[in-house]
Structure formats: structure tokens, C-alpha cells
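Peer 1: Read in order, the letters of the sequence shown are residues 147 to 514 in this note's numbering.
Calculated from the structure, these hints are not laboratory results. Misleading hints may appear alongside valid ones.
FRET-style restraints, in silico, Cβ to Cβ [as the list claims (entries may be wrong)]:
{"hint": "1", "residue 1": "505", "residue 2": "164", "range": "25 to 31 Å"}
{"hint": "2", "residue 1": "201", "residue 2": "437", "range": "31 to 37 Å"}
{"hint": "3", "residue 1": "255", "residue 2": "445", "range": "39 to 45 Å"}
Each residue gets a CB set at the ideal place from its N, CA and C atoms; glycine is no exception.
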Amino acid sequence: MDILKKFEIIDPYEYVANLKKATGKSVLAYMCSYTPEEIIYAAGIHPFRIFGQVETIYKADAHLQAYSCSLVRGALEDALQGRLSFVDGAVFPHTCDSIQRLSDIWRLNAGMKHHFDVVWAVKLNTDSARKYMRDVLVRFTKELEQSFGISLSDDKLQKAIATYNEIRSLLKTIWQLKSDNKSALTGSQMNAVIKAAMVLDRDQLVVNLKELIPSIELSPQTEKRKRIMLIGGICNHPDIYDYIEASGGVVVWDDLCTGSRYFEGAIATDKEPLQAIADRYYERNICPAKHRDYYTRAETIKAMIKKHNVQGAIFLYLKFCDPHSFDYPYLKEALDEVGVPSILLELEQQLPSEGQMKTRLEAFIDMI
Numbered sequence: 147m148d149i150l151k152k153f154e155i156i157d158p159y160e161y162v163a164n165l166k167k168a169t170g171k172s173v174l175a176y177m178c179s180y181t182p183e184e185i186i187y188a189a190g191i192h193p194f195r196i197f198g199q200v201e202t203i204y205k206a207d208a209h210l211q212a213y214s215c216s217l218v219r220g221a222l223e224d225a226l227q228g229r230l231s232f233v234d235g236a237v238f239p240h241t242c243d244s245i246q247r248l249s250d251i252w253r254l255n256a257g258m259k260h261h262f263d264v265v266w267a268v269k270l271n272t273d274s275a276r277k278y279m280r281d282v283l284v285r286f287t288k289e290l291e292q293s294f295g296i297s298l299s300d301d302k303l304q305k306a307i308a309t310y311n312e313i314r315s316l317l318k319t320i321w322q323l324k325s326d327n328k329s330a331l332t333g334s335q336m337n338a339v340i341k342a343a344m345v346l347d348r349d350q351l352v353v354n355l356k357e358l359i360p361s362i363e364l365s366p367q368t369e370k371r372k373r374i375m376l377i378g379g380i381c382n383h384p385d386i387y388d389y390i391e392a393s394g395g396v397v398v399w400d401d402l403c404t405g406s407r408y409f410e411g412a413i414a415t416d417k418e419p420l421q422a423i424a425d426r427y428y429e430r431n432i433c434p435a436k437h438r439d440y441y442t443r444a445e446t447i448k449a450m451i452k453k454h455n456v457q458g459a460i461f462l463y464l465k466f467c468d469p470h471s472f473d474y475p476y477l478k479e480a481l482d483e484v485g486v487p488s489i490l491l492e493l494e495q496q497l498p499s500e501g502q503m504k505t506r507l508e509a510f511i512d513m514i
């Protein structure tokens, strides 16, 4: 489909640098789906997610331990090498220890004019946490206004909320069509669409997504395949989807921050804007860096499995990602209890050899 070419961003950095030249917009980089993009967008600033995919890391190693994950090391390497020279600043939400410490290192070494920390609550099951999260957004909004010399009105925030609700609804519709076995979209293409949503100009993104949906709806069903769900943080390796499909499987849903955790959860339009945005981040499906209770995360994943008729799960974890590693035994046990087989794949910047990865996936999918 020609429309898919609009989501195939060969070099995200070049795209955003050119967008900045064309529009005059400032650019704020971020690394986590807990970043309140809506407020950045409302401020007339382009929010841009960086994925840390540089292949050779050497400058970052002078600042980070070798056991920091490749996402953190790769992002810092890009900044230190000057690949992010077009970026005006960065936003760091309070999530894992590595990203929190990266914020300090980034502030001192990345050479960017603006730097923001969004210190969310960790325990998301109290009224005080909900109120505190609004206070965090009030502070972030004031810092943006002071740093960029702008004024953020409720009207601007409401328009941003409407845009992001539409983006998330469109992405969810497309993922659901993919889950329904429509043949027009492969797994790697779905991955490209969602990652492009974190890079493209958001107004153009809405247009592109609306153009994409009819072509998927009209496509025929694919042949019957084993229905797979991905669980983890980010997926920087679209080849994974190709290997799964070559082995007789198909990814029908995920619990990834470069997947459903990015677009799940609409923002209420009948509340005060900052409270509504805070509520969305308070209520959204949590990642392992947040806590609600002992059972919510597993119950959420089991509900996804039931809804999408998942037959097997693949855990995609970055090497040295402590939050996900601590989460794994508990989630695997929960899947075992409902009879859903699973496999753990630990990834770095480079995939394991193609043959090794294919062999593991073929064996796993064959046993389902």
C-alpha cells in the first residue's frame, strides 16, 4: 500500500530536523510513554521520541555503567555524538532508575538548552497520588511557559486533548483490525505505524492514519496462524515480527510501551484539562516501573489474552532492564495458570543471529 510509505521513516532524526526547519517549531525529545505529550503539543512544540538505536557506543560508556540498558546508553550516545543537535530540550518522566539517572547525566552533558523532569508518583492507587500527578503537570506547564515564553490556556490544552484522543483511537482501531487477521498490514508494518506516531507531525499523523484505515478494512483475512502477544518495553527490532510470521505465527496484540500502552486510554473532555490529562496517566495500563497492587498488571494482560484469543506470549526484554526482569517470574506464572505458553527473548541493540532467533521462535510456535 502506498499509504504505508508515509509511515516508513528511514531516519527519524533527519525527518524531525527538516520539520523544525519547515515549521519553525521547537523540538522536545523524550524516551518514555509516560511523557505528557499533550502538554508539549499544546505549547506548539513538537514532541519526538528517541529510541537509542545507534550501533556503536563509545562516548556514553564514559558516563554510564556497562549494565545500563541499550536504550539509555544509545540515547545518550546519540546526544554526545551531536546527532540530536536540532533538539531544543528533553523531558524525563520519573520511571526506572536508569532513566532517572540518565536525566542527571543528560542535563550536564547533552548540551541542550531546556531540560524537564516530570516526577510522577510511583504508587498509583491512592487519591493523594491522583492529586499529586495534577500538581506535577501544573509545575511542568509553568516550566514550559517560562522556558519558551509562551502561555498555555485551557483552550489550547482542550484542543491538544482532542487531537491525542483521536490519534489514540485511530491507532487502537488499526491494531484491532490487525488483530482481526486483516492481511493488509504485517507485524513489522504495524510496528512502523506506531513508532511513526511518536515522530511525525501530529496533525499530519491524523490525516495519514485516517487514510490508512479503509485500505486495511477492505483487505481479506490472512490464513490461519498461531495468535501471539508481545509483552515488554520497547521493540526496536521489526525483524522479530517477520520471524514470527515466517514461523507460522502472527502478533495480534501487545503490552509494549511502543505499542498498546502508548495508545490505550482516552482523556476525559468534561474535566479541567490538567486533571483530565493526569487522570489518563494515573489510570492507564501500568508498566513495571509503576505499582498499583499485586495483581493488576497480570490481570490486565490476562484480559488482553482472552479478548484477542492469544495462544502464546513472547516476552521481549531489553538486557539489563531491571523492572521488566523483576516482573517476569510473576507474569510467567500468571500465564502458566491460564494455560498460555510463553518464551523470553532478551534483546540488545543487535539481534542474536538470525538462525538462532528463528530456531527458537519456530520451536516455540510449533509447540503451541
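Peer 1: Against this structure, judge whether each hint is valid.
Peer 2: Hint by hint, here is what the structure shows:
1. Between residue 505 and residue 164 the Cβ separation comes to about 41 Å, which falls outside the hinted range of 25 to 31 Å.
2. Under the hint 31 to 37 Å, the C-beta atoms of residue 201 and residue 437, about 35 Å apart, fit the expected range.
3. For the pair residue 255 and residue 445, the beta carbons lie near 41 Å from each other, so the given range of 39 to 45 Å is met.
Going down the numbered hints, you'll see the structure goes against just number 1.
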